Amino acid sequence: MPSPASKRRSSARHKSTGEGIGLTDSLPTSLMIALLFKIIFLSVADSLGVWAAGTLAWQRNWGLLSALLVGLTLLNLALLSRRAYPLRYLLPGLVLFAAMTFYPIVYTINIAFTNYGTGHLMSKEEAISWYERRYYQPEEGETFSFQAFKDEQGQLKLLLTSQKTGRAYLAEGARLLPISLPDPRPSNWRSLSRSELVQALAALQQLELLYGEEDVVRMATLTEFAVFRPQYHYDRAHDLLTDLETGKIYRPIRGTFVSEEGEELLPGFYEYIGLENFYRIFSNPQITGPFLRVFQWTFLWATLSVLLTFALGLTLAIFLNDPYLKARRLYRSLLIIPYAIPGFISILVWAGLLNADFGIVNRILEDLLGLRLPWLNDPFWGKVALLLVNLWLGYPYMMIVSLGALQSIQPELYEAAYVDGASRWQQFRHVTFPILMISVAPLLIGSFAFNFNNFNVIYLLTGGGPPIAGAQTPAGATDILISYTYKLAFAGRQGAEYGFAAAITILIFLIVGTISAINFRLSRRLEKMGEAL
Amino acid sequence: MMYTRHGPLGGPLRHLMIWLTIAFALFPFLWVLSASFNPTNALVAQGLIPEKASLVHYQELFINPYLPFPRWLWNSVKISGLSAFFVVFLTAFAAYAFSRFRFWGRRSGLLALMLIQMFPTSLAIVAFFLLLMRLGDYLPWLGLNTHAGLILVYMGGVLGFNTWLMKGYFDTIPHELEESAMIDGATPFQAFIRIILPLARPILAVIFILTFIGIYSEFLLASILLTGAEQYTLPVGLKLFITGEYARRWGDFAAASVLGALPIMVLFLLLQGQIISGLTRGALKG
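Going line by line, the protein sequences match chains A and B. Following the working numbering from start to finish, the first sequence increments by one per residue and tops out at 551. Following the working numbering from start to finish, the second sequence increments by one per residue and tops out at 288.
Any given hint could turn out to be false.
Okay, derived cross-link-like pairs now, DSS-like style, lysine-lysine, Cα gap no bigger than 30 angstroms in a straight line [claimed, not checked]:
| hint | chain 1 | residue 1 | chain 2 | residue 2 |
| --- | --- | --- | --- | --- |
| 1 | A | LYS401 | B | LYS241 |
| 2 | B | LYS80 | B | LYS169 |
| 3 | B | LYS241 | B | LYS80 |
| 4 | A | LYS56 | B | LYS241 |
Pulled a few chain B residues facing chain A out of the computed Cβ check, cut under 8 angstroms [to be verified]:
| hint | residue |
| --- | --- |
| 5 | ARG16 |
| 6 | THR23 |
| 7 | PRO30 |
| 8 | GLY83 |
| 9 | LEU84 |
| 10 | PHE87 |
| 11 | ILE118 |
| 12 | THR123 |
| 13 | ALA126 |
| 14 | VAL128 |
| 15 | SER182 |
| 16 | TYR218 |
| 17 | LEU240 |
These are calculated hints, taken from the structure and not from any lab test. Bear in mind that the values here come from a model prediction, so they are computed numbers and not experimental data. Every residue, glycine too, gets a C-beta built ideally from N, C-alpha and C.
With the hints as extra help, turn the sequences into a complete structure.
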């Protein structure tokens, strides 16, 4: 490692060689071309950026607009400022990191405090304008018979005749023009045949013709148009939504419009609901019970997975590290095979082998012991199957890292222990294991954190099943927190509960973050111990 | 521990334990290999050595409309390959800056990278889904059900960790090499491209392979962000093909598994030494 002083010196030299604009007279050709390239690139990027910014400002998308402006500023800074030279190397990664790692985290934290999910997918503004575009057909409203034509250019033309007043109208854009009978249409229009009419049906059903102040005329049945009236009126001053057809008044409560009788309108809208998602986890017994079971199993699952894989991996590593063992290279290559097969394929294959009715494992068990086990769809045996498969998937990694760590232990230590009369077990207990732990302990904690969120195994093998009876949320007996969150967000029976899922995500993050922080401190402490050795 | 010619662990017992584990390791592999050559599709009818070996299941992979295997395999290889390539490219640049330049925010940047990385990206599934949905409104080729969008999500997820790994390696390359090049008139950029990158080839390879293998096996994000069967990756496609159908589609599934595992196994066995040294290096340096 170079000393800090020499580092500083070399970085100063980097800075002084970083090229900038303004030296065009004396630059060699290759740098001239590079400079030209830079100017062209920057002007194209900037004009595109400004154009996009204009569009976004027009759409009032302030979030994206500010992100764009920050990015654009950084780009210019990186290419024009000498002091920001390192930014040229960092910018692409930085942009991606901000967009795909940082932003999703902020977003997750944000929606954890909302009721975002099925029935609450729109903002309040969007929901109100959705309601304001709902219409109903008043009883005894005016109806129209219609005739469709094609004009000279082949354009669709529509003639409506009121069945109440007998007056005729021509559809013109989104308006209705009253025209005088008897024969208003130009002679060279052609009436549509039946089959042409069927083809034009979709276009006709989309028509919405303004009639009077607020009413519209739309297709009501296959043979009739009718007057429709806006169904809802939103009173901005009092924040009330009135159903004009029934006269009922709805007020917004927690993202839903609710009438005085307690009737709820769908869809609702999303709204900040504070800590309610977190309260729900701990206050509703139908949620809390299954949640705690999932929580417990997640810890047990991660702990047992680490212990089992490490025990097997370390044992094998100790065997294979013995120079007197015959065929150790062959053994190592064969033992490593599970690690070389893509995990998802192995897991799906295991699911087939462990299939309770047709799987080979149960056939072998039946032949040998005369029993069949309900792997995969029993709370207990499902867990056993998961641990077994995860042992298969995980021991080669533990074997590889243990082998590496064993080989780095100096033989002199054993010689000293041997001279002191230490038994094999004592050598392992007091020399091998403590030294091994210096490098391997952080990996064990890392493995714990990995298994804590090991979605693939759980989801592909048991799918988290069987379901816990009486649970209000889709929790299964072998679900871990991450697969449970997945089901909440994407596969719930009552629809998606994004907000609630995000709240659990935050809990998982806190747990994993704590574990990682411990890991970080531990590995630094162990590193110091290692240096002391 | 001190190994001697005849310890209490030695002899047949040790070999027996190793062979038992090898049997455990090879068991699913051998069964699925055998099933892929067994003409029957029924899981229940399978023996370890197929009576009449045939290639019907492999042929099926190219004609079965419910199992567009070549398409899914290609999607997976394309997505993993491009993601791994761009990740190596981006992390090399970022790691070089973190390793060689001293600038405002360097230390806190490295620390932030480490901290934010602890939030496993698979937890932000909801955010990714909604993010790509919104993005698709502006740039349809980056929206939901596009490979480009999925690649971006994958890259964001592994950037931080790999930047640290690569920076650690760059730190071990002596500065004198570039300094002498720069005295000869090279810009820092030229020194980076011509001197550092060639020297860092082993770590570039390790990051490429580990990223490739990791993304090749990824199921969760792909299953949510891809919605059309044409766009599926192999994990998503195979999972939907086989779920609930083990009894009827076992043979076809086995053939697809063998062919799907092959590219990774070959890659792994060829580069075993480098991967293991990469793992132990990461392990021993933390």
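For each hint, the structure was consulted:
Note on LYS401 (chain A) and LYS241 (chain B): the hinted pairing holds, with a Cα-Cα distance of about 20 angstroms set against a maximum of 30 angstroms. At roughly 27 angstroms between alpha-carbon atoms, LYS80 (chain B) and LYS169 (chain B) fall within 30 angstroms of each other, so this suggested pair holds. A threshold of 30 angstroms between alpha carbons decides the hint, and for LYS241 (chain B) with LYS80 (chain B) the separation of about 19 angstroms falls inside it, so the pair holds. Of the pairs offered as hints, the one joining LYS56 (chain A) and LYS241 (chain B) is violated, with about 48 angstroms between alpha carbons and a cut-off of 30 angstroms exceeded.
Given hint, ARG16 (chain B) at the interface with chain A, holds; its Cβ is 6 angstroms from that chain's nearest Cβ, closer than 8 angstroms. At about 6 angstroms, the closest approach between the beta carbon of THR23 (chain B) and any beta carbon in chain A falls short of 8 angstroms, and the interface hint on this residue holds. Restraint check, PRO30 (chain B) versus chain A: the minimum CB separation of about 5 angstroms is within 8 angstroms; hint holds. Hint on GLY83 (chain B) is violated. Least Cβ distance to chain A is approximately 14 angstroms, over the 8 angstroms limit.
This hint is violated: LEU84 (chain B) has a C-beta 13 angstroms from the nearest C-beta of chain A, more than the 8 angstroms allowed. At a threshold of 8 angstroms, the smallest CB-CB gap from PHE87 (chain B) to chain A is about 13 angstroms, leaving the interface hint violated. Taking 8 angstroms as the C-beta cut-off, the interface hint given for ILE118 (chain B) holds, the closest approach to chain A being about 6 angstroms. Hint status for THR123 (chain B): holds, given a least beta-carbon distance of 6 angstroms to chain A, under 8 angstroms.
Against a cut-off of 8 angstroms between C-beta atoms, the interface hint on ALA126 (chain B) holds, since the closest Cβ of chain A lies about 4 angstroms away. For VAL128 (chain B), the shortest C-beta to C-beta distance to chain A is roughly 5 angstroms, which falls under 8 angstroms, so the interface hint holds. The interface hint given for SER182 (chain B) is violated, since its Cβ lies 11 angstroms from the closest Cβ of chain A, which is over the 8 angstroms cut-off. Hint status for TYR218 (chain B) relative to chain A: holds, with the closest Cβ pair at about 6 angstroms, below 8 angstroms.
Checking LEU240 (chain B) against chain A by beta carbon gives a least distance of about 6 angstroms; that is within 8 angstroms, so the hint holds.
Against the hints set out earlier in the document, violations occur for numbers 4, 8, 9, 10 and 15.
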